[in-house]
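Add chain Y with the ligand to chain V, keeping to what the hints say.
Residue-level listing of the chains:
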Amino acid sequence: MRTKWTVLVGVVGALGAGALGLTSAPGQPAGQAGVLPAAAPAPAQPVVGGRGESTADHSTFEVLQQDFKTGPEVTAACLTCHTDAAQQLMKTSHWTWLSTDQTTTTAAGEAVPFGKGARVINNFCIAVPGNEPRCTSCHIGYGWKDSSFDFSNQNLVDCLVCHDSTGKYKKFPTAAGHPVYADTPDEQREWPKGSGKFWEPAPLREIAQSVSMPSRQNCGECHFFGGGGEGVKHGDMDESLATPALHVDVHMSPDGADMHCIACHTTHSHKVSGRYYEQAAYDERSFVLRGSPHESNLLACESCHTQWPHQTAAREGKDVKNAARLDAHQDRVSCQACHIPTMARERPTKMWWDWSKAGEKNEDGTPKKVMVDTKGTKTPQYDMQKGEFIWVLDENPEYRWFNGNTKQVFIDTKIDDTTPGKDRGKVTGLWSKIDLDKPIADINTLLGDANDPKARIWPVKVHRGIQPYDAGNKTLVAPKLFPGAGDKAAAYWKAFDWQKATEAGMKENNAPYSGQLGWIQTEMNWPLAHMVAPAEDAVGCVECHSTNGRLAGLEGLYIPGRDRNMLVEYAGMGLIGLTLLGAVSHGALRVLTSGSRK
Amino acid sequence: MSKVKMYTRFERFWHWCQSAIILALLVTGLQIHFTGLTLLDFATAVQLHRVFAWAFLGLAAFAIFWHITSGEWKQYLPTNQSLGAMVKFYLVGMFKTHEHPVRKTRTQKLNPLQRLVYLGFKILIFPVLATSGLAYMYWDSIQRSFGLETVPLSLIAVVHLAAAYIMVVFLIGHLYMITTGRTVAANLKAMITGWDEEHGATSA
Ligand code: HEM
Chain V
1 MRTKWTVLVG
11 VVGALGAGAL
21 GLTSAPGQPA
31 GQAGVLPAAA
41 PAPAQPVVGG
51 RGESTADHST
61 FEVLQQDFKT
71 GPEVTAACLT
81 CHTDAAQQLM
91 KTSHWTWLST
101 DQTTTTAAGE
111 AVPFGKGARV
121 INNFCIAVPG
131 NEPRCTSCHI
141 GYGWKDSSFD
151 FSNQNLVDCL
161 VCHDSTGKYK
171 KFPTAAGHPV
181 YADTPDEQRE
191 WPKGSGKFWE
201 PAPLREIAQS
211 VSMPSRQNCG
221 ECHFFGGGGE
231 GVKHGDMDES
241 LATPALHVDV
251 HMSPDGADMH
261 CIACHTTHSH
271 KVSGRYYEQA
281 AYDERSFVLR
291 GSPHESNLLA
301 CESCHTQWPH
311 QTAAREGKDV
321 KNAARLDAHQ
331 DRVSCQACHI
341 PTMARERPTK
351 MWWDWSKAGE
361 KNEDGTPKKV
371 MVDTKGTKTP
381 QYDMQKGEFI
391 WVLDENPEYR
401 WFNGNTKQVF
411 IDTKIDDTTP
421 GKDRGKVTGL
431 WSKIDLDKPI
441 ADINTLLGDA
451 NDPKARIWPV
461 KVHRGIQPYD
471 AGNKTLVAPK
481 LFPGAGDKAA
491 AYWKAFDWQK
501 ATEAGMKENN
511 APYSGQLGWI
521 QTEMNWPLAH
531 MVAPAEDAVG
541 CVECHSTNGR
551 LAGLEGLYIP
561 GRDRNMLVEY
571 AGMGLIGLTL
581 LGAVSHGALR
591 VLTSGSRK
Chain Y
1001 MSKVKMYTRF
1011 ERFWHWCQSA
1021 IILALLVTGL
1031 QIHFTGLTLL
1041 DFATAVQLHR
1051 VFAWAFLGLA
1061 AFAIFWHITS
1071 GEWKQYLPTN
1081 QSLGAMVKFY
1091 LVGMFKTHEH
1101 PVRKTRTQKL
1111 NPLQRLVYLG
1121 FKILIFPVLA
1131 TSGLAYMYWD
1141 SIQRSFGLET
1151 VPLSLIAVVH
1161 LAAAYIMVVF
1171 LIGHLYMITT
1181 GRTVAANLKA
1191 MITGWDEEHG
1201 ATSA
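Respectively, the protein sequence lines represent chains V and Y. Just so it is clear: in the first sequence, position 522 is 522 by our numbering, and no numbers are missing. Just so it is clear: in the second sequence, position 46 is 1046 by our numbering, and no numbers are missing.
Pulled out of the complex, with its shape left as it was, chain V reads as follows (with noise of 0.2 Å):
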């Protein structure tokens, strides 16, 4: 009881500190106004969630009065001051792209390094080596086109995509993490190609002299993107998290609290705290208490929040029904799976994707394109380039077992492509055309069941998909997509053949194909943890608690109202009516009888 206590109260005083923060933080400049340079540009807006206002006015810094060529330039001016910023990030993931921490053995028996560089596929565009440069736009980077990258290279580190401020700094697309320069030429700027759209030089200068900590929109630039384009990997990131309104995101809202990404995705050394494949986002779920040596991070709910949320809350005055109850459920049920009640509450996000369909041209040989309204909103239904798409706008999630840790498929990993969905609990989802009847490989695999203490249910994104695969080695294969470097002519976007693809692509991937190309059903899980929705958007009791509610299928737990013991229940009812059928005989007997009575 009373270590409760205290931690209720650091609870209160830290919530406060914050609110403090979040009062004075906005609209005070980050520099000194008296110093600053006629043509300085806008000082940046401290980021919450960062460790502090700066100290240091970047536009006063002789190093960064230069007309900056290339994103390099500024990184090896940065690197003047910053002298181990370029080391510290080389060591994380957003460097190699591949587990920092874990390894995964190879059929050889070889433990590598795993991870979106390397070995890792999916039901997306399914891998990057071979098809970098447009993959690679999104490394922290400048420079990957292919396997011939210099990893060790302190200048090809990006500083400016994760702390500009003025919103001017962009990857181009296709440009394997480089912006677009002033002598850049221009079918280089063009996007989309063939739009007459024309990107403009990124101001490098003005960029560098006015750098802070990365904001929800330097975060996103890269991941609201996931998959090449918005929302189509992630079911609760997109641009509108990057001043989302307060029913998509009661953290991050400028009407919320206001937080930033890495509020609660703590960096430390360069290296931001997060899940990364097989490796959980954290391992604990209980208050953080800040500045300790221990301090991990604060992605669990209960960093903050305490395993008490909902008694917290309630006396703090908040109108919470049950709230011992509430917080009752966190042993089974996740906060995010009420406090999350739809994906993709702003933007759609992409549910469905039939690699098999692609290739089909219109009747006068351009490529076919399909768009359809998902509520309100027109999502691509069919592409020549890519196939068949189902995109959903605000929708209920599906419900699983999580523990925090998944199992990732790799390019070697056999996959089971004989025994039917169906057979092995597979379900169809509301939004995808899976053929129970007909095998479905699994991308990843979220671990734990009822049986797990730490599993609890989770929602999750179920995306799935048709791709190519290897019916020879059974295993999923990485075509060659992209024309950017390599094999280009062999590149699926070029020459719109699967075979020639697979057998350039899993050569640039290192892995053996047998020539045997099949198509083959996938579902991969995307657990939501973004779009907190405000409190009172949380999902009800009877959407669960209820015969056909959201966790109709989910297996091995007793949920009242939904389940019933038929034993019991017949058994009851039986006695009932047999008592009632008694009572009323015995009663109608007594007044037929009555005559003889008095």
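In short, the hints are calculated from the structure, not lab data. Be aware that one or more of the hints could be misleading.
To be verified - Only pairs whose alpha carbons sit at most 20 Å apart, straight line, appear in this in silico SDA-like list of lysine to any residue:
hint	chain 1	residue 1	chain 2	residue 2
1	Y	1096	V	587
2	Y	1088	V	583
3	V	321	Y	1055
4	V	168	V	203
5	Y	1088	V	582
6	Y	1088	V	589
7	V	357	V	367
8	V	321	Y	1044
9	V	454	Y	1146
10	Y	1096	V	584
11	V	454	Y	1147
12	Y	1109	Y	1051
13	Y	1088	V	593
14	Y	1096	V	582
15	V	69	V	193
16	Y	1096	V	590
17	V	357	V	329
18	Y	1074	Y	1110
19	V	357	V	454
20	V	321	Y	1051
21	Y	1003	Y	1192
22	Y	1096	V	203
23	Y	1096	V	591
To be verified - Example chain Y residues on the side facing chain V (calculated, C-beta under 10 Å, incomplete):
hint	residue
24	1043
25	1073
26	1076
27	1136
28	1152
29	1165
30	1170
31	1175
Since the model is a prediction, treat every value here as computed from it, not as a measurement. We put the beta carbon where it would ideally sit given N, CA and C, even for glycine.
Frame of chain V; chain Y with the ligand shown alone:
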């Protein structure tokens, strides 16, 4: 036949409070169990079920104290004397002019059948309902404290539900039996006013 104070003021207070509480627990419990019902919204039903559960337990504490200190607990001691006669009375005698085979007096309020049923309730159904209910309420803490993570909540729920069904069966029987006094309303009146006539055969 003489009028006596059959039920003391506390006894009546306890009886009617308990009726109200059990009715409330029944209604709220039903709403929790059958979410298709719309008597109350789920959260309110849960909240009220808990409030009335605690009221029930509080009242039980008083009632137990009263039973012990007043010696009234002896009224519930089972006896098989006249048990057969009672069964026969309900099955046959009641439809004729037969008199109640067991005399109801201030010190022997309960006939042998009632003794059995009420005793069963006090030592079986109520404790099972309350214990399973409390276990239901604190199941996550209990699991953690005693390492019972593998024992499913469904076990607790099944027990609670089975006892609740028996409760309903009792209620129906009980409500009907009220009407089987000397007159249809005699028993009801007695439990309201406390006054009843000692009646029935003087010996069994
Ligand atoms: C001390 C007495 C009681 C306690 C402590 C208690 C407690 C509980 C609890 C904790 C629940 C689970 C719902 C929730 O978390 O609020 C519950 C459900 C329920 N209770 Fe009770 N209860 C008591 C008495 C009764 C009585 C007297 C009845 C009926 C006559 C009853 C009928 C039910 C029913 C039908 C459910 C739904 C069970 C299910 O669907 O799983 N309860 N009770």
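Outcome of the hint check:
1. Y:1096 / V:587: With a Cα-Cα distance of about 13 Å, the restraint between residue 1096 of chain Y and residue 587 of chain V holds, given a limit of 20 Å.
2. Y:1088 / V:583: Since the Cα atoms of residue 1088 of chain Y and residue 583 of chain V sit roughly 16 Å apart, the hinted pair holds (cutoff 20 Å).
3. V:321 / Y:1055: This hinted pair holds, its Cα atoms lying about 18 Å apart.
4. V:168 / V:203: With Cα atoms ~7 Å apart, residue 168 of chain V and residue 203 of chain V stay inside 20 Å; holds.
5. Y:1088 / V:582: holds (15 Å)
6. Y:1088 / V:589: Holds, at about 15 Å.
7. V:357 / V:367: holds (13 Å)
8. V:321 / Y:1044: At roughly 8 Å apart (the allowed maximum being 20 Å), residue 1044 of chain Y and residue 321 of chain V satisfy the hint.
9. V:454 / Y:1146: Roughly 17 Å between the alpha carbons, so the hint for residue 454 of chain V and residue 1146 of chain Y holds.
10. Y:1096 / V:584: Between residue 1096 of chain Y and residue 584 of chain V the Cα gap is close to 18 Å, so the pair holds against 20 Å.
11. V:454 / Y:1147: Roughly 14 Å separates the two Cα atoms, so the pair holds.
12. Y:1109 / Y:1051: Violated: residue 1109 of chain Y and residue 1051 of chain Y sit about 32 Å apart, past 20 Å.
13. Y:1088 / V:593: Distance ~16 Å between residue 1088 of chain Y and residue 593 of chain V Cα, so the pair holds.
14. Y:1096 / V:582: It holds: about 18 Å lies between the C-alpha atoms, which stays within 20 Å.
15. V:69 / V:193: The hint is violated at about 24 Å.
16. Y:1096 / V:590: Roughly 9 Å separates the two Cα atoms, so the pair holds.
17. V:357 / V:329: violated (44 Å)
18. Y:1074 / Y:1110: Roughly 10 Å between the alpha carbons, so the hint for residue 1074 of chain Y and residue 1110 of chain Y holds.
19. V:357 / V:454: violated (40 Å)
20. V:321 / Y:1051: holds (12 Å)
21. Y:1003 / Y:1192: holds (14 Å)
22. Y:1096 / V:203: violated (107 Å)
23. Y:1096 / V:591: It holds: about 11 Å lies between the C-alpha atoms, which stays within 20 Å.
24. 1043: holds (5 Å)
25. 1073: violated (27 Å)
26. 1076: violated (22 Å)
27. 1136: holds (8 Å)
28. 1152: holds (6 Å)
29. 1165: At about 3 Å, which falls below the 10 Å cut-off, the nearest Cβ of chain V leaves the hint on residue 1165 of chain Y intact, so it holds.
30. 1170: Status holds, d = 9 Å.
31. 1175: holds (8 Å)
The structure is inconsistent with the numbered hints 12, 15, 17, 19, 22, 25 and 26, although it conforms to all the rest.
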